[in-house]
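Chemist: If you want the building blocks of each chain, they are given just below.
There are 2 protein chains.
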Amino acid sequence: MTARPRVLIIGGGFAGISAAKALKRAPVDVTVVDRRNHHLFQPLLYQVATAALAPADIAEPIRTVLRKQANAKVVLGSVQSVDAGHKRIQVNDAWLDFDWLIIAAGVRHSYFGHPEWEEHAPGLKTIGDALEIRRRILMAFEKAEWCEDADERQRLMTFVVVGGGATGVEVAGAIADIARLTLAKDFRNIDTTKARVVLVEGGSQVLGVYPAPLPERANTQLSSLGVEIQLNTSVTGVDEQGVQLGEDKRIESATVVWAAGVQGSSVGADAGFERHRNGRIPVNADLSVPGHDHIFVAGDQAVVMGADGTPVPGVAPAAMQMGKHVAAMIIGSLKGKKRTPFRYTDRGQMATIGRARAIAATGPLKLSGFVAWLAWVFIHVLFLITFRNRVVVMLKWAWSWVLFDSSSRLVWETEPSAHEGEQPSS
Amino acid sequence: MTARPRVLIIGGGFAGISAAKALKRAPVDVTVVDRRNHHLFQPLLYQVATAALAPADIAEPIRTVLRKQANAKVVLGSVQSVDAGHKRIQVNDAWLDFDWLIIAAGVRHSYFGHPEWEEHAPGLKTIGDALEIRRRILMAFEKAEWCEDADERQRLMTFVVVGGGATGVEVAGAIADIARLTLAKDFRNIDTTKARVVLVEGGSQVLGVYPAPLPERANTQLSSLGVEIQLNTSVTGVDEQGVQLGEDKRIESATVVWAAGVQGSSVGADAGFERHRNGRIPVNADLSVPGHDHIFVAGDQAVVMGADGTPVPGVAPAAMQMGKHVAAMIIGSLKGKKRTPFRYTDRGQMATIGRARAIAATGPLKLSGFVAWLAWVFIHVLFLITFRNRVVVMLKWAWSWVLFDSSSRLVWETEPSAHEGEQPSS
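Top line first, the protein sequences correspond to chains D and E. So for the first sequence, this note's numbering puts the first residue at 37; every next one is plus one. So for the second sequence, this note's numbering puts the first residue at 37; every next one is plus one.
Each hint should be verified, as a subset may be incorrect.
Claimed, not checked - Over the 10 Å line for every Cβ pair with chain D, so calculated as not near, a few chain E residues:
1) Asn73
2) Ala90
3) Asp227
4) Gly384
Claimed, not checked - Derived BS3-like pairs (lysine-lysine); straight-line CA-CA distance at most 25 Å:
5) Lys221/D to Lys104/E
6) Lys230/E to Lys104/D
7) Lys104/D to Lys179/E
What the hints contain is simulated information worked out from the structure, not anything from laboratory work. In this text, a Cβ means the ideal position worked out from N, Cα and C, and glycines have one as well.
Assemble the whole structure, with the sequences as input and the hints as a guide.
Modeler: Next comes the structure, spelled out in structure tokens:
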């Protein structure tokens with residue numbers, strides 16, 4: 037129809053959607069390719085995993101997000117190949133040509149060379165992951181309620197979270213919370229408040245990248261929720277029965293959550309770009325791929341340094357800023373403007389710890405406890421995808437805050453493999 | 037702890053939960069066994085399948101439903117065996133003894149001797165079923181958007197619903213609605229309003245068990261939504277490409293939903309009870325199993341005749357009434373009272389047709405159109421499981437009514453087998 041430049045965006049996460057939206061008025065045709073049909077508000081994914089929110093509360097079909105943007109279309113499919121030389125990518129066995137390419141396919145979990153651990157210690161990146169972790173947590177309590185062997189019951193009521201970053205801290209706090217509050221009255225044989233939640237961190241503190249005194253305060257708040265924190269401890273094995281720590285320590289646990297490391301998506305791996313050992317792609321200061329002026333990487337998948345020489349962190353605000361920067365570079369290039377370097381504006385960090393506590397830092401301001409939690413609620417609700425999501429999530433939080441009840445404690449199927457539908461056995 | 041009579045209830049559906057609740061003040065210990073952790077408000081399941089509601093809106097953990105009932109506990113597990121002679125059942129490889137047993141395990145789809153059709157034409161009984169049907173419907177549009185072959189695109193945009201009972205009518209109307217309204221603005225290459233929805237019914241009218249003039253009105257309302265109704269038509273084959281009708285007709289379709297027949301759960305099949313050809317269990321007038329005073333069957337799994345000599349229908353109100361009757365029989369027996377026959381009170385039938393139309397009959401009153409729909413909304417919201425569900429569902433309905441937007445258009449994974457978690461391929 038038109039001969040307008042074609043901008044192809046791989047990935048409908050924060051970076052991809054921000055880039056697409058920033059191109060709304062540009063004289064280009066935008067196509068967003070994703071293998072899932074929804075944009076996900078990942079900062080709240082741990083609340084789906086711990087049964088506080090439902091998937092639909094934090095996700096929105098990409099088509100809906102871009103519904104009113106006339107120059108954008110959406111393709112649901114897996115990217116099979118990136119052919120930088122011919123400026124085209126392969127999706128669903130067909131080739132799509134581009135004039136500009138934005139690779140924003142994100143990261144997935146890294147098991148440090150031990151992919152066999154994944155089965156026993158799922159990570160938390162997709163709605164599928166969150167529902168699987170939810171299933172494991174709730175089924176562990178169900179099995180403990182039924183179990184007559186004291187050791188096995190103890191193992192079922194032990195939850196290990198590997199990795200003391202924001203996700204690990206939030207998951208550990210939330211598990212401790214549902215065990216103490218939400219589930220306590222539901223069981224007859226077990227005392228869910230006796231559940232053991234262990235947070236394992238390789239470094240010397242949790243939330244190690246946050247400024248002092250937040251790591252220490254997070255430590256205190258987690259401890260007050262009953263979370264055991266094991267610092268300077270590396271995981272050396274994960275199996276069906278539990279976790280091996282260092283040389284000779286072991287925790288018997290039926291539910292292990294992995295929040296310890298990420299590696300770049302394999303999208304673009306065949307394009308001949310330089311890649312770091314963890315699979316992420318180093319980019320020029322303007323976020324273009326070295327040697328490829330028309331190809332950019334944005335979001336978690338990009339390795340880029342901030343003004344202070346430290347790497348830009350893999351957080352939603354950074355991804356959104358990168359997406360907007362790449363869109364500006366494309367718009368500028370169409371007008372013959374010179375490229376400018378990406379500058380990350382760090383507005384601060386925050387993490388919730390359990391039901392009504394959090395820690396937050398923005399510039400010189402360091403908050404913790406209830407005030408930080410209020411700030412956390414305000415900011416997260418504000419940035420939720422749509423107004424409907426904001427209303428629903430606020431209502432659900434208010435509800436669970438008042439009633440100690442959480443709304444999404446469902447397990448579709450009790451076995452992981454039974455998702456394909458009804459089994460004919462009963 | 038106590039020597040109180042043990043009442044074992046198999047199934048946490050309408051019949052099982054009603055029986056458990058009716059035993060709240062009785063001097064018995066109640067155990068509800070279910071292989072899923074939630075009670076499901078099945079009359080609204082089609083709204084989950086058609087993306088209007090989320091699973092958590094119409095389901096509630098059984099533990100939560102019975103949380104405040106001190107004499108009730110819950111076991112999550114599959115019933116492997118019912119041993120009527122020894123008064124025990126086998127669950128999770130262990131034996132549970134009972135003094136009274138209530139079998140309320142419900143029904144599942146029946147493919148009239150063609151179990152191989154199920155793969156291509158899933159039925160709608162569980163949340164897993166609903167999410168799978170939702171995935172198929174939404175993925176069909178996604179694939180059509182991408183498809184360049186006109187015939188295949190037509191096949192992808194053809195939806196066949198088999199069975200013209202309440203579920204079939206509601207599913208067909210809801211698919212027509214989302215195609216015409218909700219999805220219309222999301223796609224660029226296809227016109228979703230051109231989707232073809234075919235309702236296939238073996239009898240001479242849809243909603244054949246409803247009193248006149250409702251079947252005819254349902255017919256008119258469905259037609260006005262663009263649903264094609266094929267009456268007196270039997271399905272003779274279902275395969276990957278479509279549906280075979282009668283001797284020589286065929287509809288090419290990528291999405292077939294089965295709403296045509298049910299058979300009793302296999303729970304209790306090894307107990308030596310008489311069973312009908314469709315697997316359901318005929319019971320005495322008091323709902324006990326012939327020859328087993330202490331064993332009852334309630335809900336859809338029971339075959340029981342109403343006062344007028346016609347079978348009691350497999351609907352939620354009948355199941356709830358049966359559950360209460362069985363509880364009353366047990367309480368009465370403990371007091372030495374005589375058994376009484378079950379009497380079904382038919383309060384009427386209703387079914388929605390699309391967004392704001394319905395048909396309803398109660399006694400001499402026959403409603404259709406918007407008034408019937410308001411009655412339908414009122415009754416369904418009133419009977420939802422908890423107050424929270426009621427508030428959330430009302431808000432969602434109001435929202436989608438005003439904005440033509442539906443909140444749950446998510447597909448976790450685009451392939452049916454990918455539920456186990458993140459694939460390492462990208």
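Chemist: Sort out whether Lys179/E lies within 25 Å of Lys104/D, counting only the CA atoms.
Modeler: holds (21 Å)
Chemist: Quick one: work out the minimum CB distance from Asp227/E to chain D and report holds if it exceeds 10 Å, violated otherwise.
Modeler: holds (14 Å)
Chemist: Against chain D, does Gly384/E keep a CB gap of more than 10 Å to every residue?
Modeler: holds (29 Å)
Chemist: Mind verifying the non-interface call on Asn73/E? Its CB should be farther than 10 Å from each CB in chain D.
Modeler: Asn73/E not clear of chain D: closest Cβ-Cβ about 5 Å, inside 10 Å.
Chemist: Taking C-beta pairs only, is Ala90/E more than 10 Å away from all of chain D?
Modeler: Ala90/E is in fact no farther than 10 Å from some Cβ atom of chain D, at 5 Å.
Chemist: When you check the alpha-carbon spacing of Lys230/E and Lys104/D, does it fall within 25 Å?
Modeler: With a Cα-Cα distance of about 21 Å, the restraint between Lys230/E and Lys104/D holds, given a limit of 25 Å.
Chemist: Taking 25 Å as the top limit, are the C-alpha atoms of Lys221/D and Lys104/E close enough?
Modeler: holds (8 Å)
Comparing the model with each numbered hint stated earlier shows that hints 1, 2 do not hold.
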